[in-house]
Amino acid sequence: AQSVTQLDSQVPVFEEAPVELRCNYSSSVSVYLFWYVQYPNQGLQLLLKYLSGSTLVKGINGFEAEFNKSQTSFHLRKPSVHISDTAEYFCAVGGNKLVFGAGTILRVKS
Amino acid sequence: DTAVSQTPKYLVTQMGNDKSIKCEQNLGHDTMYWYKQDSKKFLKIMFSYNNKELIINETVPNRFSPKSPDKAHLNLHINSLELGDSAVYFCASSQEARAGYGYTFGSGTRLTVV
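Chains as they are written, first to last, in this note's numbering: chain G, 1 to 110; chain H, 1001 to 1114.
Do not take every clue at face value.
Unchecked claim - Chain G regions said to be covered by chain H (calculated; three or more residues, Cβ under 8 Å): (1) 43-51; (2) 98-110.
Stated by the list, open to error - Straight-line distance between alpha carbons at most 30 Å, and here's what the computed DSSO-like set of lysine-lysine pairs gives: (3) H:Lys1052 x H:Lys1041; (4) H:Lys1052 x G:Lys109; (5) H:Lys1071 x H:Lys1009; (6) H:Lys1036 x G:Lys49; (7) H:Lys1041 x H:Lys1067; (8) H:Lys1022 x H:Lys1044; (9) H:Lys1036 x H:Lys1067; (10) H:Lys1022 x H:Lys1041; (11) G:Lys49 x H:Lys1009; (12) H:Lys1022 x G:Lys109; (13) G:Lys109 x H:Lys1067; (14) H:Lys1036 x G:Lys58; (15) G:Lys58 x G:Lys69; (16) H:Lys1019 x G:Lys58; (17) H:Lys1040 x G:Lys109; (18) G:Lys49 x H:Lys1019; (19) G:Lys58 x H:Lys1022; (20) H:Lys1071 x G:Lys69; (21) H:Lys1019 x H:Lys1041; (22) G:Lys109 x H:Lys1071; (23) G:Lys69 x H:Lys1009; (24) H:Lys1022 x G:Lys49; (25) H:Lys1040 x G:Lys58; (26) G:Lys58 x H:Lys1044.
What the hints assert, rightly or not - Residues from chain H that keep clear of chain G, each with C-beta distances beyond 10 Å, as calculated: (27) Leu1011; (28) Ala1087; (29) Ser1107.
These aren't lab readings, by the way, just hints derived from the structure by calculation. By construction, the Cβ of each residue, glycine as well, lies at the ideal position given by its N, Cα and C atoms.
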């Protein structure tokens, strides 16, 4: 069985500050990990994914995530956020299907 | 060109009615999915089809019936709608029936049952 825990339901941050959105996973099979972003009233857009290889994964819009097998984590980071990054972010783990976390709302304040 | 398109975008209907949501993908993917996003934004898989064959059927009331006439289309029919069916339903597709390929999502159908 697979599961994902997103440790923060909301993360407020000021513009141009760094941010980390935390994700822990549980999986009994090979791990594929993803971060998706959902802007208001829109569908989900893939930010980045980890399948294998380098544990540091770079995605779109300046986001990156680090796979840590020993801590079963896949935290998402951005060194400097913009107002336009305000959205809900979902971590997901996949095998034959994607299992999503409960989401983290990132609120960027000016 | 929209990669995964769903219709309608909004659907308001009364309890007890039957309704359908349609999904089409033009990516040439083999696998399509239906996810339900509840009021707390929690996403849960409902069904998955691979080349018109049902491969995932989660614990979903049998009032929900997916149909895949071809690998580019996956429709969702809901009978006897209930208040608890109110949610956003997302269609998605992937190249193969393995999540490692990642999913492409549609923009969602917001269903409101009154």
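**Q.** 30 Å Cα cutoff - pair H:Lys1036, G:Lys49
**A.** holds, 22 Å
Q. Is the Cα-Cα distance between H:Lys1022 and G:Lys109 30 Å or less?
A. violated, 38 Å
Q. Holds or violated: H:Lys1019 with G:Lys58, Cα cutoff 30 Å?
A. Violated, at about 41 Å.
Q) H:Lys1022 and H:Lys1041: Cα distance at most 30 Å? A) holds, 21 Å
Q: Measure nothing beyond the straight line between the CA atoms of H:Lys1052 and G:Lys109; if it is 30 Å or shorter, mark the hint as holding.
A: The given pair, whose Cα atoms are some 46 Å apart, is violated under the 30 Å limit.
(Q) Just to be careful, I want the Cα atoms of G:Lys109 and H:Lys1071 compared with a cutoff of 30 Å; is the pair within it? (A) violated, 44 Å
Q) Is G:Lys58 close enough to G:Lys69, meaning Cα to Cα at most 30 Å? A) holds, 17 Å
Q | Hinted pair H:Lys1040 and G:Lys109, Cα distance within 30 Å | A | holds, 23 Å
Q) Is it true that the CA of G:Lys109 sits at most 30 Å from the CA of H:Lys1067? A) violated, 44 Å
**Q.** Pairwise hint evaluation, H:Lys1022 against G:Lys58, where the allowed Cα distance is 30 Å at most
**A.** violated, 34 Å
**Q.** Non-interface claim for H:Ser1107 versus chain G (Cβ beyond 10 Å)
**A.** violated, 4 Å
Q. Straight-line Cα separation of H:Lys1052 and H:Lys1041 no greater than 30 Å?
A. holds, 28 Å
When the structure is compared with the earlier hints, violations turn up for hints 4, 12, 13, 16, 18, 19, 20, 22, 23 and 29 and for no others.
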